[in-house]
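Novice: Chains as they are written, first to last, in the UniProt record's numbering: chain A, 1 to 553; chain B, 1 to 553.
If you're looking for bench data, these hints aren't it; they were derived computationally from the structure.
In this text the structure is predicted, and so the values were computed from the model without any measurement.
Treat the hints loosely; a few may be bogus.
[Unchecked claim] Heads up, simulated DSS-like pairs for lysine-lysine below, C-alpha to C-alpha not over 30 Å straight-line: (1) A:Lys300 - B:Lys136; (2) A:Lys344 - B:Lys40; (3) B:Lys300 - B:Lys344; (4) B:Lys103 - A:Lys344.
2 protein chains.
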Amino acid sequence: MEGTIRCGANYVPLSPISFLERSAVVYRDRLSIVYGDHVKFTWRETHQRCLKLASSLHSRFRISPRDVVAVLAPNIPEMYELHFAVPMAGAVLCTLNIRHDSKMVSTLLKHSNAKLLFVDYEFIDIAKGAIEIMSKSTATMPQIVLIPDSGKLPAVPKSEFLEYEAVLAMGSLDFEIRRPDDECDPIALNYTSGTTSNPKGVVYSHRGAYLNSLAAVLLNEMRSMSVYLWTVPMFHCNGWCLTWAVAAQGGTNVCLRVVTGKGIFECISRHQVTHMGGAPTVLNMIINAPAMERLPLPGKVTVMTGGAPPPSQVVFGMEQLGFDVCHAYGLTETYGPGTVSTWKPEWNELPLETRAKLKSRQGVNHLGLEEVDVKDPVTMKSVAWDAKTIGEVMFRGNTVMNGYLKDTRATQEAFKDGWFRSGDLGVRHSDGYIELKDRSKDIIISGGENISTIEVESVLFRHPAVLEAAVVGRPDDHWGETPCAFVKLKDGYELSGDELIAYCLNNLPRYMAPRTVVFQELPKTSTGKTQKFVLREQAKAMGSLPSREKSKL
Amino acid sequence: MEGTIRCGANYVPLSPISFLERSAVVYRDRLSIVYGDHVKFTWRETHQRCLKLASSLHSRFRISPRDVVAVLAPNIPEMYELHFAVPMAGAVLCTLNIRHDSKMVSTLLKHSNAKLLFVDYEFIDIAKGAIEIMSKSTATMPQIVLIPDSGKLPAVPKSEFLEYEAVLAMGSLDFEIRRPDDECDPIALNYTSGTTSNPKGVVYSHRGAYLNSLAAVLLNEMRSMSVYLWTVPMFHCNGWCLTWAVAAQGGTNVCLRVVTGKGIFECISRHQVTHMGGAPTVLNMIINAPAMERLPLPGKVTVMTGGAPPPSQVVFGMEQLGFDVCHAYGLTETYGPGTVSTWKPEWNELPLETRAKLKSRQGVNHLGLEEVDVKDPVTMKSVAWDAKTIGEVMFRGNTVMNGYLKDTRATQEAFKDGWFRSGDLGVRHSDGYIELKDRSKDIIISGGENISTIEVESVLFRHPAVLEAAVVGRPDDHWGETPCAFVKLKDGYELSGDELIAYCLNNLPRYMAPRTVVFQELPKTSTGKTQKFVLREQAKAMGSLPSREKSKL
């Protein structure tokens, strides 16, 4: 409109960098990070350390805007600092999964063209192996910076590598940070880590990271100065964007190298933790912690769970311990959480089982995401809100990735018709909440019937002896596929495959009950998701069920 | 980065319209608006009503993108609906102050070139008067739509004007809303209403409104499904952006035509209000409500106050009644709240008086605003954080206005050197919090000393007999100016001017104590701000103090 101007006074590209700069003033003397017995920083210190590190990246390592800086580390303070220092140098942070082997790390370093690699001392051999592999084929390899464990004194012996604190010390507080010219410029690169064997480089923008962080603050109901315990890996969607979100609210980051029930209870009690997160596996770890490791909660602790729908006994178990469980759903492509099973107060009076069912739904889009829908992937029509018609879950909004690095075709496919296609299949309930039925590639088609493996798994989970379960299709000459269950029992329980099948037949339509049960450890991604493609291979190798067993059907 | 794409799947211009669309799904069956005994809507209904109204604006009234639609109404449901319906038609909402007279309304309608004017029945005569004035000079005049009071049945008798519900009924649910092409497009026009006599049209953007709404949610700690009582006029900075913020969190809007202590307590009790806001005057109204009108609070009620620093006894009084007071500061140009006196838990143990002092500071920038600073307006250097050096308070960020409508020169002046210059004078404390000392035009210069009228007023407020006080400069032959206090006493109290001056001399440096005291009602803007320019005129008319009285100095 006439008389208006766009200038530095009224327009600043959105970036999580602003969260840190603000907290350095507003929460300057409050704790930003605590780790073990020795590491403690205030927000003012964290800001200064990030500034120096960014300066060093720029002037000593010639990191330019849009260069990629990779890191291979668990949830330690340095990992947190890199989430700000790298973007402050204008560069793109690529967090690598610490479960990767040298070969995978070399593949990702090459694909991302990373200039620098920060490595936690525990993973230095993996990194060295990756560099060795790269040295055989690539001219340019990233330089390694070693992160000794700052929480353990004395430090590890002098190594052949430059060390983190030395790099930081080379930086200057006068550094003028490199803000993005355009808020859609990249801030992070996250390789999809898990349920398929073919990783893609998901590009996040400053704008998306800013908005998803605020959405994460709101869906976690994280007040100013909350205390956040790091049980979600920061290398997973940048800790579901909570790395940045905690800075937005001037909270305290409680770092934790190894996630154990004991460690969780100790941190909660010692630091008055208010918020944390984790896949249902982590929640299971809490529930199944031996009584002597459990400590009373100092106050309300909100736990955001995701990665898989929380089985009802996990929700109950956590609530009995006094935790508040909040269930979110999303993908790497949606910066982690994209929907949340928003809880309505009127549901508080419902029976236990109904409440758990409601909570395990994927729910509705959070405030940062424009829209989530369940659509027919061909006609793009929304499915009826009848809780029955299955369609593909699709997303649209500012918290959807920029695309897949160096894979325009995959990006175009993912964004076909203006929606991000998740590959997840689900239904929509009459209240608008979505519920996943399966990954499109996980669904079992048996005798022409679609079987949702999630539904079968949820019945298995309800059996008192079952700790974990995953169902995949086993090839079948007659039916095409039959459900095959991989199960891990709780300690001290015994159960036969036939007993478990009989239980399923009592609780599921006949065609949905597993025909095969295998008791074993389940292969997992580092974030606790079951790697179904491994199990699918295993089931494939079994071949068709002998006809004798088929007669039971 | 290579492989990425910007498209509808991952980019949507930020707009508060998204809040309503999301709440229509997520909170569909929950209450959006309640008003009196008869009006109740759900979010789904509110969405549909706004859609129909937008459709009607577009197709029946030919409202095009960027046209201005004005409204003259108190905090009634229709006023709330217009905050979404008008932007959904692509148009710009101009909310007019209901304390304006016909002349002022005509001036603003002409300046804004409003095409339509929605008018609450109580203000229809003002509107008619304005149109009559305009008819003498302008060819184009806005069409009037009458809003009868939907909360009162039966409705007022049939009038000569089109009525709100009839206009809404003309609309269609099929309407495709006109989203902004660019998120910096205008959404609202707010005329500065108050402390100066020369109103300017402040232009808000969709982006700024979106971001300030989220900041308002966070600084009010407004959880999902909160209940908000409308005691801040929606025509003031769009209710400090809470019109949109309540939709963001799917809260309930409790509308209230007339703000009284009795009405406030009744609404809180009846609707389980969790949040509200108001200038210190409104807080005073609550504190001074007769015992028989007071009702116990059903739970925690957070009150955001602003417009003037809350005197300590107002903070105490509210907290004694169980309210949680949160103090924010800003200007029309910063979409209302821009800073907040963020409360640190370590302050809880401080003495009462110290706590009130801390809370009355203007504080630090909220999450939506990039930066607030106190600067020398000439050199643009930040002042020392010494709580003494006075400078001008300046803002920078996405929640600063687009500019002043049709006044490029004023916009350029306001944004000189890349900061929005507030015209307020303040200091910065060692913890980074800012504290206002005065408006640059309010400061009194007496014998070469700067006197902060706010400091003098805060001493006056502490006197048990004083209900309200405002201090301005009275011209003086010898000193240039001397402080002149206008005071309203509490009911039942008596006090002489000399007694009050003696009290001030005991509590202030000699040169700061008022030399003149006038007992009277204070002239106010509709938002409870004292109109100092009126008092300044009055003091000017008094002329210099006689020398006999001066000898007392």
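Novice: Does each hint hold? Answer for all of them.
Specialist: Taking the hints in turn, this is what the structure says about them:
Taking the CA atoms of Lys300 of chain A and Lys136 of chain B, the gap is near 66 Å; set against the 30 Å cutoff, the hint is violated. A C-alpha spacing of about 19 Å is found between Lys344 of chain A and Lys40 of chain B, which places the hinted pair at or below 30 Å, so the restraint holds. Pair hint Lys300 of chain B plus Lys344 of chain B holds up; C-alpha atoms about 18 Å apart against a cutoff of 30 Å. Taking the CA atoms of Lys103 of chain B and Lys344 of chain A, the gap is near 49 Å; set against the 30 Å cutoff, the hint is violated.
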